[in-house]
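Participant: Residue numbers (the UniProt record's numbering), protein chains in the order written: chain Z, 1 to 553; chain V, 1 to 553.
In short, the hints are calculated from the structure, not lab data. The structure presented is a predicted model; accordingly, all values stated were derived computationally and were not measured. Treat the hints with caution; some may be incorrect.
[Stated by the list, open to error] Derived list of chain V stretches under chain Z, where covered just means 3 residues or more per stretch with a C-beta under 8 Å from a C-beta of chain Z:
(1) 56-66
(2) 157-171
(3) 199-211
(4) 294-300
(5) 491-501
(6) 534-542
All residues carry an ideal CB built from backbone N, CA and C; glycine is no exception.
Take a look at the letters that make up each chain.
Protein chains: 2
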Amino acid sequence: MTHPLFDKHRATLDGALNAIRTRGYWSAYPEMPSPKTYGETAQADGKAAFDACLGKEFALDQPGRRGTVASETSPYGVPLAVAYPKCDPDALVAAGLKAMPAWQRIGAEGRAGVCLEILERLNKRSFEIATAVMMTTGQGWMMAFQAGGPHAQDRGLEAVAYAYQAQAEVPAAAHWEKPQGKNPPLVMEKRFEVVGRGVALVVGCGTFPTWNTYPGLFAALATGNAVIVKPHHNAILPAAISVRIAREVLAEAGLDPNLVMLFATDQPAETQALAKHPDVASIDFTGGNAFGEWLYANCRGKQVYAELAGVNNIVIDGTDNYKGMLRNLAFTLSLYAGQMCTTTQAILVPAGGIDTPEGKVPFDQVAADLGAAIDKFLADPAVATAVLGAIQSPDTLARIGKASQWGEVVLASRQIAHPEFPEAEVRTPVLLKCDAADEAAWREERFGPIAFVVRVADTPAAIALSERVVKERGALTVGLYTTQQEVIDAMTEATWRGKVALSINLTGGVFVNQSAAFSDYHGTGGNPAANASYADAAFVANRFRVVQRRWHV
Amino acid sequence: MTHPLFDKHRATLDGALNAIRTRGYWSAYPEMPSPKTYGETAQADGKAAFDACLGKEFALDQPGRRGTVASETSPYGVPLAVAYPKCDPDALVAAGLKAMPAWQRIGAEGRAGVCLEILERLNKRSFEIATAVMMTTGQGWMMAFQAGGPHAQDRGLEAVAYAYQAQAEVPAAAHWEKPQGKNPPLVMEKRFEVVGRGVALVVGCGTFPTWNTYPGLFAALATGNAVIVKPHHNAILPAAISVRIAREVLAEAGLDPNLVMLFATDQPAETQALAKHPDVASIDFTGGNAFGEWLYANCRGKQVYAELAGVNNIVIDGTDNYKGMLRNLAFTLSLYAGQMCTTTQAILVPAGGIDTPEGKVPFDQVAADLGAAIDKFLADPAVATAVLGAIQSPDTLARIGKASQWGEVVLASRQIAHPEFPEAEVRTPVLLKCDAADEAAWREERFGPIAFVVRVADTPAAIALSERVVKERGALTVGLYTTQQEVIDAMTEATWRGKVALSINLTGGVFVNQSAAFSDYHGTGGNPAANASYADAAFVANRFRVVQRRWHV
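Full structure from sequences and hints, please.
Facilitator: Set out below in structure tokens:
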């Protein structure tokens, strides 16, 4: 007898399973915020639901409540003042452990069905969640909707599909019959139980509170674990809404809602203590190197899935579409003001210039043309504010302010007034140029709208430098522009050694910082930027264990 | 075009793939050392090949040779004096890295085919390898043949099957076409390359130099990595023969033999330095806690698959076959003189005794009867020496000598003269009894033929204690004897929480310390005894990474 929610969502799961085996284009959740898809009143309803959260305590019936925390400040200057229940971490862990046996018992199909129901509900609430994402992260509306809503849901579904597939490969039972020559065979019955590893902690980041949280949340949940979501202290609301929806679905399905819990805190020491809790068995983390390194060092024996900083880079050897390349790069560097883990920081250009249909373009000209392309693309304030969004953190604002010390300014950052949110800190990218030897400047991650055009000796040196940066500093993305097959081959082999995804000659509507669920692996897990990938078998296989029993028959 | 070795071994691989999905009985390599299977001269040939190794340098054409190491002493007192080339670890790592790109290029099928050819050659050389296993580890002949030969080969094949399956789930290419409403779709070509994580180090143990080495070796090799095998300094020969065979197959297949290399050393510091080499990406280790903990602490960022110490235990509530139970336990405790990571150390028995068809048997009587059963089973010196083998290490001999300090002696260890090997240190098990409260005695791993009958309050206390020991000290196996379904249920749930394999009411020809490839998961990876299992998807999934590239079409 299959679980009713598994039956209900079977077609979606099958679609996802087919997608992860073929990795062509596929999506379960429509990315266009169209009234036809989401309902005529969806946008207004979502906005109203968001507004209803403001200035009061966020209702979440969790164990161990001992006060509230209200730590969010909107990059758009909107007053938030949402107070989240602050719960005793020991109480949360104990509640999670208590909830796990029944979650184990319903099996992989039941868990997949419940996860798919949660995802469907999240999808229906995309406008509300998108508004929460926008207002807490500073993303522009369209990105907040797509990346914070359907794209994040797709990533969650992708994790569920991998988790289901991995568990489905484990037989529930076996009849074991070993011949013994002329004697009767040895015969045993065996049972194989899929058991969650333990309570999972999922630590979110301040810029993508759902997109970077759902993969770990759903991978851990679908494999039989209770999950505690610890959002970034400035982007709690999108996670809190998501957790509340998950708890509602769990309760409706007759399960313990404490399989998904929120741990809201603005004290890193409290998160560290929770991470070290002996019953916390896995930790998913997206964020800075300092906390990531702390996890690696202090959470021995736990599974840690971490996405940290990197220095994404692009090598330009030449192009058959110079304008298209510049437009593509201008958009890449502008999108969400570069506050993406996939945005290019360093553009490696040969000192002798690059080959284009219009002839050789000198290094300085490439830099100047890119600066001009950015400036042109962001000339219309309506376009600029929609694409750039607002700067998420004071640290990033400060970095922009001192960027000129790291290189020669090709294009200075401008502040743009947001027509709707006068207090929003909107900034255009700063483009710098420097020599490859200025490593202290361009080889540190400079998170935000800060990019470098780096002068390298020639294309082979650029490829070698790209590889070295990937290996030493990590990267989620690299790009290449060239018209030469041998350059593509050399860069391809460099990315195999450095283990980083490569985008080649993007001049159209796809950008190096975009990663599509079900098709693009986000991170390889093979360089310092991340030790795991969204999503693959390795992202799920160690989140559960198989416990067998056997007896003679 | 598939690789010829993939075609050649396709049926075997298909059998293995089916076996890991169903986990009933299956084996690729015959476990009986029958002349009909292995050839009339196989035993003599194997002995001759072993003898030919003795007293000289073991030929192995590896880079960086800078002397030799000859560190083995046979527990049977046979002079070995095999000198192995000692190679510069940096040279080995560099050679491994150099060999990997061509290994990557032949793809998952080619790698599986080559691995299967190596396994077939290993199988044909089972007598030679078994003799080397016997003489270096002290195992009895039959165990050396079965566990050191076909069973180890089966475990290797199991790892290859999981590795192949995991890689086969990654599509090589995708055509990605994303609709854009009324506009033309976005279209991209994508390629997904399976890339080995880096050079793999496989550190073997002194008791099972092939059975515990082949899984890591073949899992790493099949997923695209070069492998350096570092055998225990007292059991190098079985690994060295295996490595040489692998190198022969690789060379014949036109591949770089440096994909499989031997690092022979008797200096732990040299192994530690190699483990910390930045290009060593994964480490498989079987052995003691001290080195395992060192790996966990010092090899951050590397994949560590470790099997360490544990305190395997059995709960006896009752039995419907008292004599069968005693016989089964007597064999379990005697086999290879308890020098197995799966042998029971603690037998938890209620103070009030156990239920049997003959009525309640008091605690002391259970202990005495088990002692008598062991004594009876080992009464015939021919049986005893065949089953017990010789004691592998002076440390174990010393432990046997001081065992009486850890409890009341129920059965003392006896020394038995080996008819064929007068210098062999053959010892029967020592059986002790103690109270559950004597934790300092019985809760430390006492590797070797040392077992405790532990007095516990009652069956529920025994189950709770078993769970606590598993969680705190680790275990690869637990057992249960009972006639009550509710006791089975309670113990089953305890093993789910403790994540340990359970054998129920073994009174016949299967023993708790036996783990059959393709059916029994060896270790769960979920308690301190091991962080990985032979074999499952988690054992292979993180040994390779997927590196993608994409471009518009």
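Participant: If a hint holds in the structure, say so; if it does not, say that too.
Facilitator: Here is what the structure says about each hint:
1. 56-66: n = 0 at 8 Å, threshold three: violated.
2. 157-171: Contact hint for the stretch 157-171 of chain V vs chain Z: holds, 5 residues under 8 Å.
3. 199-211: violated (count 0)
4. 294-300: holds (count 3)
5. 491-501: holds (count 7)
6. 534-542: holds (count 5)
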